[in-house]
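Q: Take a look at the letters that make up each chain.
Number of protein chains: 2
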Amino acid sequence: MLTMAQTVNDLHRITTSQLDTPPRLLLGPGPSNAHPRVLQAMSNRQVGHLDPAFIALMNEVQELLRYAWQTDNKLTIPVSGTGSAAMEAAVANSVEPGDTIVIGVNGYFGERLCDMAGRYGGNVVRLEKAWGDVFTIDELRSAVSQHRPAVLALVHAETSTGARQPLEGVSDLCREFDCLLLVDTVTSLGGVPLFVDAWGIDIAYSGSQKALSCPPGIAPLTFGPRAVDKLNNRASGVPNWYLDLTMVSKYWGSERTYHHTAPINMNYGLREALRLVAEEGLEARWARHRNSAEMLWDGLADIGLTCHVPLETRLPTLTTVRIPEGVDGKAVARTLLTDYNIEIAAGLGQLGGKVWRVGLMGFNSRPENVITLLGALERVLNG
Amino acid sequence: MLTMAQTVNDLHRITTSQLDTPPRLLLGPGPSNAHPRVLQAMSNRQVGHLDPAFIALMNEVQELLRYAWQTDNKLTIPVSGTGSAAMEAAVANSVEPGDTIVIGVNGYFGERLCDMAGRYGGNVVRLEKAWGDVFTIDELRSAVSQHRPAVLALVHAETSTGARQPLEGVSDLCREFDCLLLVDTVTSLGGVPLFVDAWGIDIAYSGSQKALSCPPGIAPLTFGPRAVDKLNNRASGVPNWYLDLTMVSKYWGSERTYHHTAPINMNYGLREALRLVAEEGLEARWARHRNSAEMLWDGLADIGLTCHVPLETRLPTLTTVRIPEGVDGKAVARTLLTDYNIEIAAGLGQLGGKVWRVGLMGFNSRPENVITLLGALERVLNG
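Same order as they appear, the protein sequences are chains B and W. Just so we're aligned: 373 in my numbering is position 312 of the first sequence, and the numbers increase by one with no gaps anywhere. Just so we're aligned: 178 in my numbering is position 117 of the second sequence, and the numbers increase by one with no gaps anywhere.
In case anyone wonders, no lab produced these hints; they're calculated from the structure. For clarity, every value in this text was computed on a predicted model and none was experimentally measured. Please note that a few of the clues may not be correct.
Identical chains blur together in the list; that is why a pair holds if it fits in one copy or across any two.
Only pairs whose alpha carbons sit at most 20 Å apart, straight line, appear in this in silico SDA-like list of lysine to any residue [to be verified]:
1. K190 - E229
2. K135 - D305
3. K415 - H96
4. K311 - G436
Let the hints inform the model, and build the full structure from the sequences given.
A: Next comes the structure, spelled out in structure tokens:
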């Protein structure tokens, strides 16, 4: 009794084999390899998105996110998408049409913030620096005092450049001029010292697939009290339905009001990734990332390669390595992938053709991986 | 050498045990239980989102989606979010400020379409019917000829009511009045006869966690040539960054331009779910859903329960069952969950307190599950 029966067309009914992905070591800007315990957790049988068992899990995920971010923010949740969705949630909910937003643009993700803020009607002020440089507190003060923005947006860890933006004093500045501090922590959360409350960050977002070693598809977001106040006092509604925190927060809050179906198994994975963070402890985890990175930097120097970012603002999670004169950077990356199953990435934008990007994040931040990469890189460069 | 060192606060560093979810049989409106092969596929080791191995997988996912939807549409992709994200992608990319959109509202998801379309500046015309009813072609003709919309949006399978909207003749109507036909197929794709091309559907979206039996977190979307034309000729940009198909399509098209990091493991899962569809074949799969549903409907009648939706428009994937006079519907659902690990759902909106919603979708659409539910329901009602 099929209604409107047509003949089924088998044109696209392709035959495929069981999935068997190559054993890549993912040392690019992300995703990094997921921890085996995370993959295992993701394959747990499903429960409904309003099941008491899932609600208990939601509370655990939120608590563990607060630990990872060092915040008491009630509105601390995983967004049901990848890091870019959390970035857009941060912007869509904090920027109203006509709001001025000063954005630090010293890499690809600062650019992306400008694109998003413009779509939400923000009056975007671009504060520009060469890719790899960071902003001084004086530069930020000058911009904020001149433009009096509603939001100052900075990228704590620029995945495109490997630079760490110091945040000392920025919160005081934002309070002095009554603006919100919005920070991209995609490549810092779980790998680099980060204290959301102590540093006075009002809004932060991240990804799961970097230093948390969970696959992409779920993305942490936190809104502090000042940001929630602004959200609750918007003159206009949030133009984005899926990411509207006035509704999403009712599902993740005590009301548990249905908004959209949470990605159940991604939440299983994120819970396990955050358990691993809590078991290891943030201090030990940060030190591990630092140690692996220093081992990498020393090893790169030994084979005559130099880092693009000065030591004092260099991220341990993501290193940009200058491609030597006369070397075809893309060919080297391709050979690493095809001959050694190692993924590193090419530069973007201003750094296109000039650097490789090497990530040592989460589960992957281990000495054996550094040795493997250095050995392979040396062979390819000298090969 | 930790910069800006604070003392790490262990307040939120909770201790949790290894995840061990209860063995639920998910017979609500979704998520349904994922097929074991899908969960296994999701735990495959990761590759990068621009890895040749992943690009091959993307092509396979797209081809298999075309088979499941019976379409040749080039722009057929999985959105990196849950079904609601795909719904918003459908609306955000097809509705421009000032566009009239006629929306069939005969359930919860028609309401949601109205909410979304309003956010994107659409001039929303609500075509209303009681929840559980469907629209006749004459009613649709009357609305379209009166309002001359840019888009007509209908819900093929209303998850909140269990009604199947017949689509006979709707495409001809939309072509006569030069409007796009946008169809919600969240609860029909993979479970109910559906021919996107033969039926002239211009835009369709779905979820992964219903009749495809993949966990939520990735959501199919297809745009046909007329919809792509409208997209390419927009007067204004797409206001949503994450779901902007002018950019997303360049990642899923031959350019492979980076937009956002795809949810790698969710794509593994979707691929396996779609392989299962291709292996079984659509005709066999639709017949299986029909057979399980008829078994359920007969069994419900045997224990004196009636269905809310008339047989001719009743969905095989989702059945709304009237709660008998004097029975506490919520208490029954709670007992099914706590005593028998079976999830069914309460009614929403106009059907709140009046019906249970029972899903038989994908992997779960099997006679043994029907027997289990009927047996448990009978015991709880008579207990």
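Q: Of the hints stated earlier, which fail here?
A: Failing hints, ascending: 3, 4.
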